[in-house]
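Trainee: Here the protein sequences line up with chains A and B, keeping their order. All letters in the first sequence, in the order written, are residues 1 to 331 by this note's numbering. All letters in the second sequence, in the order written, are residues 1 to 560 by this note's numbering.
Please note: incorrect hints may appear among the correct ones.
To be verified - Here chain B is said to cover these stretches of chain A; the calculated rule only asks that three of the stretch's residues, wherever they fall, bring their Cβ under 8 Å from a Cβ of chain B: (1) 94-101; (2) 109-116; (3) 133-142; (4) 222-232; (5) 236-242.
As the list claims (entries may be wrong) - EDC-like, lysine to aspartate or glutamate: derived pairs with alpha carbons at most 20 Å apart: (6) B:K54 with A:E80; (7) B:K36 with A:E80; (8) A:K161 with A:D104; (9) A:K161 with B:E127; (10) A:K161 with B:D462; (11) A:K268 with A:E307; (12) A:K38 with A:E80.
FYI, nobody ran anything at the bench for these hints, they're computed from the structure. Computed from a prediction, not measured in an experiment: that's the story for all the values here. All residues carry an ideal CB built from backbone N, CA and C; glycine is no exception.
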Amino acid sequence: MNATSKMSLREAIRIGVHGEQTPCIELRRIYRYFGDTKAVHDISFAIPRGSVFGYIGPNGAGKTTSMRILATLDLPSYGEAFIDGLSVINDPELVRRRLGYMPDSYGTYRDVNCWEYLDFYARAYGVTGADRLKRLRWVLNFTGTRNIAEKPIRGLSKGMKQRLCLGRALIHDPSVLILDEPAAGLDPRARIELRRMIGELASQGKTIIISSHILTELAEMCDRIGIIEQGRLLATGTVDEIQSQRAEHRELQIRLLSDVTTAANLAKSRSDVLQANIDGDLLRLEFSGDVRAQADLLRALVMAGCEVAEVSSHQKSLEDVFLQVTEGLVQ
Amino acid sequence: MSIAAKTSADANLAVILGESEAVPKWLRTIDRIAVKAGDSINPILVKETRQALKSRQFVVTFSLLLFAALAWSIAGTLLLMPRIYFLPSAPTLLTGYYIVLAVPMLLVVPLAAYRSLEGEIDDGTLELLSVTSLSPRQIVMGKLGSAALQMMLYFVALFPCVAYAYTLRGVDLPTLGLLMGMLVVAGLTLTVIAIFFAPMARVRSSQVGTLLMVMLVLIAGEVAVGSLAINLIQSGNPFTPQQTGFFAVTALAFCVTIAAVFVMATAAQLTPESENRSTAIRVTLLVHEVALIAVASYSLVLGFDVAILTIWAVTMHLCVMWIASGAMMSAEAATMTPRIRRELPATFLGRLFLIWFTPGPATGYVFAGANLAVTLCVMVLLFEEAIRLPDAASIIWPTQVARTTLAVAISYFFVAAAGVRVIVGLLRRRNTVRVALGLAAMAVVLLLMSLVPYSIGLHYNDYRPYSYSIRQVTNWVWTIQLAVRAQLPVIEFWTVVAMGVLAFFGHLLLLGRTVLPQRLATPQRVLEERARMSGVELKSAVPNDPFMFKDEVLHDAPPS
Numbered sequence: 001m002n003a004t005s006k007m008s009l010r011e012a013i014r015i016g017v018h019g020e021q022t023p024c025i026e027l028r029r030i031y032r033y034f035g036d037t038k039a040v041h042d043i044s045f046a047i048p049r050g051s052v053f054g055y056i057g058p059n060g061a062g063k064t065t066s067m068r069i070l071a072t073l074d075l076p077s078y079g080e081a082f083i084d085g086l087s088v089i090n091d092p093e094l095v096r097r098r099l100g101y102m103p104d105s106y107g108t109y110r111d112v113n114c115w116e117y118l119d120f121y122a123r124a125y126g127v128t129g130a131d132r133l134k135r136l137r138w139v140l141n142f143t144g145t146r147n148i149a150e151k152p153i154r155g156l157s158k159g160m161k162q163r164l165c166l167g168r169a170l171i172h173d174p175s176v177l178i179l180d181e182p183a184a185g186l187d188p189r190a191r192i193e194l195r196r197m198i199g200e201l202a203s204q205g206k207t208i209i210i211s212s213h214i215l216t217e218l219a220e221m222c223d224r225i226g227i228i229e230q231g232r233l234l235a236t237g238t239v240d241e242i243q244s245q246r247a248e249h250r251e252l253q254i255r256l257l258s259d260v261t262t263a264a265n266l267a268k269s270r271s272d273v274l275q276a277n278i279d280g281d282l283l284r285l286e287f288s289g290d291v292r293a294q295a296d297l298l299r300a301l302v303m304a305g306c307e308v309a310e311v312s313s314h315q316k317s318l319e320d321v322f323l324q325v326t327e328g329l330v331q
Numbered sequence: 001m002s003i004a005a006k007t008s009a010d011a012n013l014a015v016i017l018g019e020s021e022a023v024p025k026w027l028r029t030i031d032r033i034a035v036k037a038g039d040s041i042n043p044i045l046v047k048e049t050r051q052a053l054k055s056r057q058f059v060v061t062f063s064l065l066l067f068a069a070l071a072w073s074i075a076g077t078l079l080l081m082p083r084i085y086f087l088p089s090a091p092t093l094l095t096g097y098y099i100v101l102a103v104p105m106l107l108v109v110p111l112a113a114y115r116s117l118e119g120e121i122d123d124g125t126l127e128l129l130s131v132t133s134l135s136p137r138q139i140v141m142g143k144l145g146s147a148a149l150q151m152m153l154y155f156v157a158l159f160p161c162v163a164y165a166y167t168l169r170g171v172d173l174p175t176l177g178l179l180m181g182m183l184v185v186a187g188l189t190l191t192v193i194a195i196f197f198a199p200m201a202r203v204r205s206s207q208v209g210t211l212l213m214v215m216l217v218l219i220a221g222e223v224a225v226g227s228l229a230i231n232l233i234q235s236g237n238p239f240t241p242q243q244t245g246f247f248a249v250t251a252l253a254f255c256v257t258i259a260a261v262f263v264m265a266t267a268a269q270l271t272p273e274s275e276n277r278s279t280a281i282r283v284t285l286l287v288h289e290v291a292l293i294a295v296a297s298y299s300l301v302l303g304f305d306v307a308i309l310t311i312w313a314v315t316m317h318l319c320v321m322w323i324a325s326g327a328m329m330s331a332e333a334a335t336m337t338p339r340i341r342r343e344l345p346a347t348f349l350g351r352l353f354l355i356w357f358t359p360g361p362a363t364g365y366v367f368a369g370a371n372l373a374v375t376l377c378v379m380v381l382l383f384e385e386a387i388r389l390p391d392a393a394s395i396i397w398p399t400q401v402a403r404t405t406l407a408v409a410i411s412y413f414f415v416a417a418a419g420v421r422v423i424v425g426l427l428r429r430r431n432t433v434r435v436a437l438g439l440a441a442m443a444v445v446l447l448l449m450s451l452v453p454y455s456i457g458l459h460y461n462d463y464r465p466y467s468y469s470i471r472q473v474t475n476w477v478w479t480i481q482l483a484v485r486a487q488l489p490v491i492e493f494w495t496v497v498a499m500g501v502l503a504f505f506g507h508l509l510l511l512g513r514t515v516l517p518q519r520l521a522t523p524q525r526v527l528e529e530r531a532r533m534s535g536v537e538l539k540s541a542v543p544n545d546p547f548m549f550k551d552e553v554l555h556d557a558p559p560s
């Protein structure tokens, strides 16, 4: 499948046959309190069909709790959540059929080998007869676990267990995947493999919600992200949207041939310069203005007689945005 | 792994996955049929069987069983020499075989079933099962099925030994059948009870408590069934065939219906709060009650001794059951989730008769109270019938006393259950309360109702014995004691009844919140999904599910 057809398939699935963007996953004002602990507080977001949504937040932010609510494993204290228009609270059995869930723990059995494990879950999801064998074959091939199919689970490496657990989540061909920290503890190769598999699943049109601490990977994989801290959703949107929303504090680096101090004083007098630091012949500015304001600043510097040799602007990475948005607070 | 071994493993996997062309056609047909048959089996049973048969616990138990049976066959036979040739020797050998079989069937298998479900909770696999299509009831039944299968294997393994013992004479075939039947039924019932305890404790400290409780129940069961079985083997069956049949049917009815109650209760513990966890339990409790009342009614045919014993046992059991379950039902959450409201009866008659099966403390209070009242009324009637039997002994307990005691007992139940509702209702305002707390609340209420007035009376009488008065009217222990002895004064009797009536009707006035909620219509989206799942064609011009399009057949542009 070439890139164009991949895109058109994904786009078509996202748009849906009714020609409108219907959210596949929707959380409406979800609250989850455990006594005085506000694990999730007023979270709402919608994920379009066929997108990959990255859920970012520090430990204890409420990612797992909200994912568990979506996976029908927990009930919110207040609010509603829907998958494909079906309430996860009132119709969990209908939701489960189209949901693949991979928690942060493996959840494997002793005295069972890999294909028996997958076969059991296929049966548990009601996949029967020839369909079951077909799905087993597909999952074993897709996750690369075919050569360990007859090995007992307890002897598997972490990476292999993770693949097997992804296989379990995929065994009934769900349209929605909830992956809670799937890359945790994996070596770089296994992580790359996982990223490839998730990319492939996304290209098949599955809606994926994934939480991870490896933000660079999420930025590459996800169409949309949500940043959560202390149970509150701080930002949500596409990676570009969030980056541009939070880009008001860009860093400008201006190399000057002379009068660095004059330039710094001039810059400090402007309201769009939040901070100015001199580093040799380099003037580092924390700048909140847009491109036009940036041009205006440069013109002002030149008019003041400063010899500007080089200007560079740094767009903040997802990690920078994450650090900026969150305060590192845990409950 | 050598290349040859790897190739062999690949070929094996290809056969398992149905990819191998080397398998003959007829074998593939058999395989297809077997796969189809396997699909109708509970997946938990399939998994548990695969897992259990490979587990160290099974291998060790099975080996020990075989070894013990072989050892006893040799040792027992040698011990009985030479009289084994001319005297009936089956009872001695059978006693040994019974012990060898009873340990795995009444102890090991139920404990393994308990550990299996507890392990699922501990390892987080129960959560993974919860998000599959399996219902909590299927999970419980799967565990039970696996236990039954293991029991069958142990039983089959020991069968030749039992047959050998039978050939030595001294135990007849019906007694042998009764013995084995008793063992299987008791083993399964104990397994169900053990499984029931598994989801009760989710933290390590309380798991120790539940494990101890399970051990206690299993050992008590082992001792009770063991003493009965050994008596049966050694002394033979003391009952007439008719009595034997009656006791066998009674025991079977009791075990099957109580096991159903425990299965539903276990499944309820695994069911999310938003779903209806109560109706199935109430139905099985009712079935249990009806079965036991039927048995008690039939006991009149067998004469006074059997009848009075059965009526007394059934009354005591059902009273305890309805008081305990009434306490737990009164502790249920009053919240009616949309899911439950969708299932409310829609018609007037349905609402009139079936509303009592819907979850909630108000309906639970009435349901348990009404059933306790019905049970006691029927039992009093049966008792009155029993004392009119030709072989009835001289009765020192007049029927009037039975009626008075009945009225007093029911009244106290309504008062105490109302107290439970109040306590749990207050606790629920700030905490998450489990229904088991209702039992504790009931114990506290009953204790306070009797101890407080008694202590006050004792204090005002300078800690000297004093006589019953109206001030002791909440003291149910003393009041019931006087009612049984036909010494309860009339005013106190009517006061107690008035308290009960007040609690009941006062409660009825508060029932509105439960009875008034109207049934909610099932959303269209849910109906569509159910229709899709059951294979019914949707009358829709365009498919609702975009994933119906496979591969690259989708158009580049969305349909207009």
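Trainee: It remains to establish, for every hint, whether it holds in the given structure.
Mentor: Quick rundown of the hints versus the structure:
1. 94-101: With 5 residues closer than 8 Å to chain B, the stretch 94-101 of chain A meets the three-residue bar; holds.
2. 109-116: holds (count 6)
3. 133-142: Coverage by chain B holds here, the residue count being 4 at a Cβ distance below 8 Å.
4. 222-232: It is violated, with 0 qualifying residues against the three required.
5. 236-242: Not satisfied, violated; 0 residues make the cut.
6. B:K54 with A:E80: At roughly 44 Å apart (the allowed maximum being 20 Å), E80 (chain A) and K54 (chain B) break the hint.
7. B:K36 with A:E80: 39 Å, violated
8. A:K161 with A:D104: The hint holds at about 12 Å.
9. A:K161 with B:E127: 17 Å, holds
10. A:K161 with B:D462: 74 Å, violated
11. A:K268 with A:E307: 17 Å, holds
12. A:K38 with A:E80: Judged against 20 Å, a Cα distance of about 17 Å means the pair holds.
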